[in-house]
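4 protein chains.
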Amino acid sequence: MSKGLKVVTIGGGSSYTPELVEGFIKRYTSLPVRELWLVDIPEGEEKLKIVGNLAKRMVKKAGVPMEIHLTLNRKEALKEADFVTTQIRVGQLPARILDESIPLKYGLLGQETNGVGGFFKGLRTIPVLLDICQEMTELCPDAWLINFTNPAGMVTEALLRYAKHKKVIGLCNVPFSMTQNLAKLLHVEAHRIHIDFAGLNHMVFGLRAYLDGKDISQELLKQIARENSSIHIKNIPEFNWEPQFIQALGVIPCPYHRYYYKTKEMLADQLQQFQKEGKTRAHHVYEVEKELFALYQDPNLQEKPKQLEQRGGAYYSDAACNLIDAIYNDKKNIQTVNVENRGSIANLPYHSAVEVNCLITKDGPKPIAMGELPTSVIGLVQQIKSFEVITSEAAISGDYNQALLALTINPLVSSDETAKKVLDEMLEAHRAYLPQFF
Amino acid sequence: MSKGLKVVTIGGGSSYTPELVEGFIKRYTSLPVRELWLVDIPEGEEKLKIVGNLAKRMVKKAGVPMEIHLTLNRKEALKEADFVTTQIRVGQLPARILDESIPLKYGLLGQETNGVGGFFKGLRTIPVLLDICQEMTELCPDAWLINFTNPAGMVTEALLRYAKHKKVIGLCNVPFSMTQNLAKLLHVEAHRIHIDFAGLNHMVFGLRAYLDGKDISQELLKQIARENSSIHIKNIPEFNWEPQFIQALGVIPCPYHRYYYKTKEMLADQLQQFQKEGKTRAHHVYEVEKELFALYQDPNLQEKPKQLEQRGGAYYSDAACNLIDAIYNDKKNIQTVNVENRGSIANLPYHSAVEVNCLITKDGPKPIAMGELPTSVIGLVQQIKSFEVITSEAAISGDYNQALLALTINPLVSSDETAKKVLDEMLEAHRAYLPQFF
Amino acid sequence: MSKGLKVVTIGGGSSYTPELVEGFIKRYTSLPVRELWLVDIPEGEEKLKIVGNLAKRMVKKAGVPMEIHLTLNRKEALKEADFVTTQIRVGQLPARILDESIPLKYGLLGQETNGVGGFFKGLRTIPVLLDICQEMTELCPDAWLINFTNPAGMVTEALLRYAKHKKVIGLCNVPFSMTQNLAKLLHVEAHRIHIDFAGLNHMVFGLRAYLDGKDISQELLKQIARENSSIHIKNIPEFNWEPQFIQALGVIPCPYHRYYYKTKEMLADQLQQFQKEGKTRAHHVYEVEKELFALYQDPNLQEKPKQLEQRGGAYYSDAACNLIDAIYNDKKNIQTVNVENRGSIANLPYHSAVEVNCLITKDGPKPIAMGELPTSVIGLVQQIKSFEVITSEAAISGDYNQALLALTINPLVSSDETAKKVLDEMLEAHRAYLPQFF
Amino acid sequence: MSKGLKVVTIGGGSSYTPELVEGFIKRYTSLPVRELWLVDIPEGEEKLKIVGNLAKRMVKKAGVPMEIHLTLNRKEALKEADFVTTQIRVGQLPARILDESIPLKYGLLGQETNGVGGFFKGLRTIPVLLDICQEMTELCPDAWLINFTNPAGMVTEALLRYAKHKKVIGLCNVPFSMTQNLAKLLHVEAHRIHIDFAGLNHMVFGLRAYLDGKDISQELLKQIARENSSIHIKNIPEFNWEPQFIQALGVIPCPYHRYYYKTKEMLADQLQQFQKEGKTRAHHVYEVEKELFALYQDPNLQEKPKQLEQRGGAYYSDAACNLIDAIYNDKKNIQTVNVENRGSIANLPYHSAVEVNCLITKDGPKPIAMGELPTSVIGLVQQIKSFEVITSEAAISGDYNQALLALTINPLVSSDETAKKVLDEMLEAHRAYLPQFF
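Protein chains in written order, with UniProt numbering: chain A, 1 to 438; chain B, 1 to 438; chain C, 1 to 438; chain D, 1 to 438.
Simulated from the structure, these hints should not be mistaken for laboratory data. Among the hints, erroneous ones may be present.
[Claimed, not checked] Quick list of in silico lysine-lysine cross-link-like pairs, DSBU-like style, CA-CA up to 35 Å:
1) A:Lys214 <-> A:Lys3
2) D:Lys332 <-> C:Lys105
3) B:Lys332 <-> D:Lys276
4) C:Lys332 <-> A:Lys214
5) D:Lys26 <-> B:Lys167
6) A:Lys105 <-> B:Lys276
7) C:Lys420 <-> A:Lys3
8) C:Lys105 <-> A:Lys184
9) D:Lys26 <-> D:Lys222
10) C:Lys420 <-> A:Lys222
11) B:Lys332 <-> D:Lys214
12) C:Lys79 <-> A:Lys222
13) D:Lys276 <-> C:Lys420
14) C:Lys214 <-> A:Lys167
15) C:Lys164 <-> A:Lys332
16) A:Lys279 <-> B:Lys421
17) A:Lys264 <-> B:Lys276
18) A:Lys279 <-> B:Lys214
19) B:Lys167 <-> A:Lys264
20) D:Lys167 <-> C:Lys264
21) D:Lys420 <-> C:Lys222
22) C:Lys420 <-> A:Lys332
23) A:Lys420 <-> B:Lys279
24) C:Lys166 <-> A:Lys184
25) D:Lys279 <-> C:Lys421
26) D:Lys26 <-> B:Lys332
27) C:Lys166 <-> A:Lys331
28) B:Lys421 <-> A:Lys276
29) B:Lys214 <-> D:Lys332
30) B:Lys167 <-> A:Lys420
31) A:Lys3 <-> C:Lys164
32) C:Lys264 <-> D:Lys332
33) C:Lys420 <-> D:Lys164
34) B:Lys332 <-> D:Lys264
35) D:Lys60 <-> C:Lys420
36) A:Lys167 <-> C:Lys264
[To be verified] Now the in silico label distances, taken between C-beta atoms and shown as ranges:
37) C:Asn333 <-> B:Pro435: 27 to 33 Å
38) C:Lys276 <-> D:Lys264: 56 to 62 Å
39) C:Asn333 <-> D:Lys264: 55 to 61 Å
Positions of the beta carbon are idealized from the N, C-alpha and C atoms, including for glycine.
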């Protein structure tokens, strides 16, 4: 690191990149990123150029000595990197559109990271991330991989199991957003709130909540129940929880839990939307991205445009910068990330990937012992974990039977017959990105 | 036991009783039951008399010195008992009809032991069984309680948690039936087959299968897949498993697993049946029972009529006799029963009730260590266990919120909103048998 | 806490108290202790007055508005306390002299916190601490008990098991001292060193060591081996580790581990010392204390005298102030304390007391997940834990057989016959303080 | 197995062999051993001939068609074997003499299977057993290895960890002898007694005891205490347990536990014996063996001589025959053997070798779930397990540091300094049999 940090962003042509660049600029004094390599694939070259040029203008305006490199040569980029971030989308938005629309034909939820959609995103993504890890082992063995490619939990599980490169962290903006939203609910500033997060990615629970260090878990659950409220995030319908359910649950669910505790309602809503509009959320994102790239092309734009914050994944890149900052500077602050369990959630397997509060140190994240997940939620969490583990296996082996098993035991599918039908159609539809199955 | 064994059967007026009586008669030499007390409640008095008189005729014909006592006074019966069996139905068949029909209105499965129906059967049954245990602690502290009242797993869980009386065994005929059916599939006699059973009641898996002691697990799964077969029992539709699913699962599911791995198909089938016939299975059982009692009244009948074997729960009573025989005679043979886990299924909680192969000794059942349930099934099993635990709590506390929580996390419900609606209607419908909630 | 904090120090007449007072004075701005109650028993009244008056002079000189209260009325003191610290010695130094000298007669180590001595100190101390907890439940239920009375691990175990009051933390200065000493070995400032501590009190290991955040565990072990060094503390002979042993051990032992990995040498040394001098360490401490109190009586002394730092337990009180400060101000820094395990050491029982790095928050210490203790040490640690658990039981029940069992399984005793002899003599010797056994 | 069973006995020249031969003759009808191959090394050729000829005379007299093959060619013998038993002594009796005498110089117990002696026996034996397993994988992959070479627990641990061949069972006669002795104590026939055994080899406990199926654990412990008795076996001094200790322990220790709960007394006794006689037990065994072989040479001897029963390991071979019989005939009876834990002892590691009651089936031993070992013993058991694991590692790697670590943590050593001295002398003394260290 003698000449400053080298950061590599794979999927650098993503519309999120300006947030990442802004994050590094803001933190330059304490986190001197001298080289930021934006890497993409040939299909993403145009986007890479647009985003890369914006990044260069941003850096120039800010007056920091950060070099922006644009490349399609991943190996060149990875050489001697200090940190690697990944924000890829194998098959790009068209693949997401398939993930979100085909399942609906079979009366199944079409969603990017849960159910059938998440399953296929996992199958496409895991082999690519494994390749990246393999290259890192050779080219930058001391670098941390910070993955915010979804499904981040399943990807982390697969990498912990099958990659030699062990410096891997999965990152998600959900815990951060939940804290923000709970602060709003309480009408206090977010920094006064602390939540003990534990679970899996997109299946994380707030076990206990604190205001100025004082445990307010019970009051908060009552307030959520009383205001008939819920904790929202951008891309999930805002159905409220039954007050008595949320109180008995005893822990704060994340927005994605609606898929599991309001399965019927979420599915019905999605089917209705799709029938009405003929569009999935992926179509919508497609439009937003087009607009963003139109903005990014403006040679007068020299900073992250406000509109980016409207995008679902806002704060993702900020979270990544925070994490890199805390590692580089051994900050020992607390962040919620996806890592090996190691007993931090006492009733989940020791070697599983979990999403849990960690102390962030130069030596990486150290999970804080959260005790046992309560009886009310451990079953569902274990079931999703089993789904992730078997999907990871199938993603690597390309074993059809394993894939069918994984899909059948997913609680949003629960049918071997339907699972087979949707599996067959989607394997065919994503064939180009799933060579392991053919 | 100086004057021979005293056995008490609570719910003695059940149509199953003749099988039990036959079982004791057959085993009289090694298992000398001198007193069989059939106990029932006032609403069941007429049935008790019919069944009791048949029992007396059976005993007389067999020429064994077994005294048959009929009583409505449970405490009198329990005094100094050696074994107590329970086969009660709180609210009788009309309650079952409600359990099976109301959920259908909400698009939920209506079934006696799974989902909403099993939940309400549990709420009604658990307090009664706890009362019985309480009386046993006082009146016959050394007696074994052998419960075959459904939902047997949930009842065992509740008794292990809340009863002082610790000599409790839950019994089910599913493992026995599975062995019979697998033997048929293999065209061999059942005694040559041995299955390593582990899981929960109505959620038990055959982990490994043996023919003449040789492990044939893989061949058997292939055969099930090849013949597109399934393992049937009387009261569950005979949908077959997808061949690739069953092979990847790697263990043999029980018939009830169809509710969880073919949820859509099972529900659709049931809704269609109900629409067509306007009847649930409970209605059908009601008819069968009427016919049986008509037969039982015949003063010339002196043995168990063949027709009883058509009834769903066949072999239940035989299983109970076998179990009592093995305990009394310290037989150290293997039977599959519901007991405290104690590490026998290494990845389920130590103190949970599980259904597992046990060595049956005079000191009770000793579970055999089965290792860990495979990843593919542990999540679902833990979820059902969580459901059972929270239902047990709610059954005793009468806490509405806990009840709502239990119902919502049941994988056949998965909706807090729908759970609330069906809970409200059914609490009202079963009000007379659920005083704890009012 | 409206009028500032109320802190109660039980055993306030201890020679350590001036360090505690100095600690509170130094931190007054952030940690406004308005009332410090020093409590003692009638036998300690004179010391209490001497120390209390010194404390008053210290406060006056420092010009902080801290009220010093001296009392023999514990209940009055505890009323509405915010923090309670305990530094008692049941039976005072004469009891310690017995603890350290009688075992030597039987060829057993005489030591205050390990082996027979620690066992008897535990038997005398646990009931008193339980009484204090009981009073706290009534008089100051929200207060934290910070116990630095030895054997601190065993006391924490007993309180976690038997006290209703759950806000209990055990504190020891060993981890702090080890960090200091390792820093010296590395010739760096202590704040640059971080150690992952995990184990039990006086049986804690440094699992991994960091310099400026970088893992230097292997280098450090090599250096300890190379310099034929050891990590010392005041009151334990400085025997060095065998270089090959320490490297194979793979973790950094604490000074007290010499009793277990150099049992023969430590015992031989102690026996020789005792024969030569006719004195135990307790005798020596007795002298030091007399000198300290002579100093404390000097009306011109207005600050903590330097000589106090020569005393074995230096930094104990400073550690207590740090802990209280971090809780009160929700500092979320890392301190090594004795708390309930909750999975932080994955291969020790979930509910055991362990000594482990914790994040210190307003809601108390949150242990950091340390994973599993290595195979090389888990057996010994579990054995000491078993000893602590059974001693706790015996301390409360007064059961002779349990006491004999605990003593026999202690690895420094390992003989039922010798255990019985020394138990009988020492029960008699400490009779006045062990009413539960008579 | 078409032409009957082929059994291979490695170390066939052992003085125990006639018992084995007798066992096979007695069971011939149900267990048709057609070929018994006795294998030995060149140094044992003479003994092999003597024993082999006796075996032939025994078979002839009995009139069973069992072929006795004598060979020094292990590979030839192993080809297509059905069962392989091992009863080897690497370095023969002279090595045992060193194991038992050198430690005494350092004030350490000299014993064949515990402490320093057991450690070295393990180092010598493990590599040979691994070689045998390796050959079995190639030459008889379906055969069971039944090892009764000591230290049987450590050997089983090593084979479970490092051998590909998984059909391995460790066998010991201690549980069998304990049952015999407890029956004598109770003045009943042994078959009426059943003990729940769980622990490690030579560190097994009787958790519960049954007479005619009734739990008599408490009464039995009281009787052991009252009669000031102990459970003896041939080769261990008959020191009695302190009555109050044994009652508090709550479980029945095995004879070898005296080394851990009477360490001082056992060591003192051994030192005194050695000083008096100048001989260890090994010397004594040496004499006995010479006498036995003199007997075996008598051409008129056609059966197992009575004198063999005086030898310490009596019933070992009978135990082996019983085990082979139960596997071959899928007897599903209960025997206590050394196998992979798999949750049967819930608070020991899942994959560890343990000695525990198993159901013996054609598919091998299935451990019975024994629950958790009590707090009073789990620490010591885990410590011995850790010792076994690290010794296994050292035996294979030949790593000096690991060897020193293993020896230091052994509770009969407990000193890194003394461990180093005795290690150095004994490595040199056994150099010929420990090539991995040189």
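Hints versus structure:
no. : hint                              : in the structure
1   : A:Lys214 <-> A:Lys3               : violated (44 Å)
2   : D:Lys332 <-> C:Lys105             : violated (55 Å)
3   : B:Lys332 <-> D:Lys276             : violated (51 Å)
4   : C:Lys332 <-> A:Lys214             : holds (13 Å)
5   : D:Lys26 <-> B:Lys167              : violated (42 Å)
6   : A:Lys105 <-> B:Lys276             : holds (27 Å)
7   : C:Lys420 <-> A:Lys3               : violated (69 Å)
8   : C:Lys105 <-> A:Lys184             : violated (69 Å)
9   : D:Lys26 <-> D:Lys222              : violated (39 Å)
10  : C:Lys420 <-> A:Lys222             : violated (57 Å)
11  : B:Lys332 <-> D:Lys214             : holds (13 Å)
12  : C:Lys79 <-> A:Lys222              : holds (31 Å)
13  : D:Lys276 <-> C:Lys420             : holds (29 Å)
14  : C:Lys214 <-> A:Lys167             : holds (14 Å)
15  : C:Lys164 <-> A:Lys332             : holds (33 Å)
16  : A:Lys279 <-> B:Lys421             : holds (31 Å)
17  : A:Lys264 <-> B:Lys276             : holds (25 Å)
18  : A:Lys279 <-> B:Lys214             : violated (56 Å)
19  : B:Lys167 <-> A:Lys264             : violated (42 Å)
20  : D:Lys167 <-> C:Lys264             : violated (42 Å)
21  : D:Lys420 <-> C:Lys222             : holds (18 Å)
22  : C:Lys420 <-> A:Lys332             : violated (50 Å)
23  : A:Lys420 <-> B:Lys279             : holds (32 Å)
24  : C:Lys166 <-> A:Lys184             : holds (32 Å)
25  : D:Lys279 <-> C:Lys421             : holds (32 Å)
26  : D:Lys26 <-> B:Lys332              : holds (25 Å)
27  : C:Lys166 <-> A:Lys331             : holds (31 Å)
28  : B:Lys421 <-> A:Lys276             : holds (28 Å)
29  : B:Lys214 <-> D:Lys332             : holds (13 Å)
30  : B:Lys167 <-> A:Lys420             : violated (46 Å)
31  : A:Lys3 <-> C:Lys164               : violated (58 Å)
32  : C:Lys264 <-> D:Lys332             : violated (49 Å)
33  : C:Lys420 <-> D:Lys164             : violated (48 Å)
34  : B:Lys332 <-> D:Lys264             : violated (42 Å)
35  : D:Lys60 <-> C:Lys420              : violated (59 Å)
36  : A:Lys167 <-> C:Lys264             : violated (44 Å)
37  : C:Asn333 <-> B:Pro435: 27 to 33 Å : violated (54 Å)
38  : C:Lys276 <-> D:Lys264: 56 to 62 Å : violated (24 Å)
39  : C:Asn333 <-> D:Lys264: 55 to 61 Å : violated (47 Å)
Taken one by one, the earlier hints fail for this structure at numbers 1, 2, 3, 5, 7, 8, 9, 10, 18, 19, 20, 22, 30, 31, 32, 33, 34, 35, 36, 37, 38 and 39, listed in ascending order.
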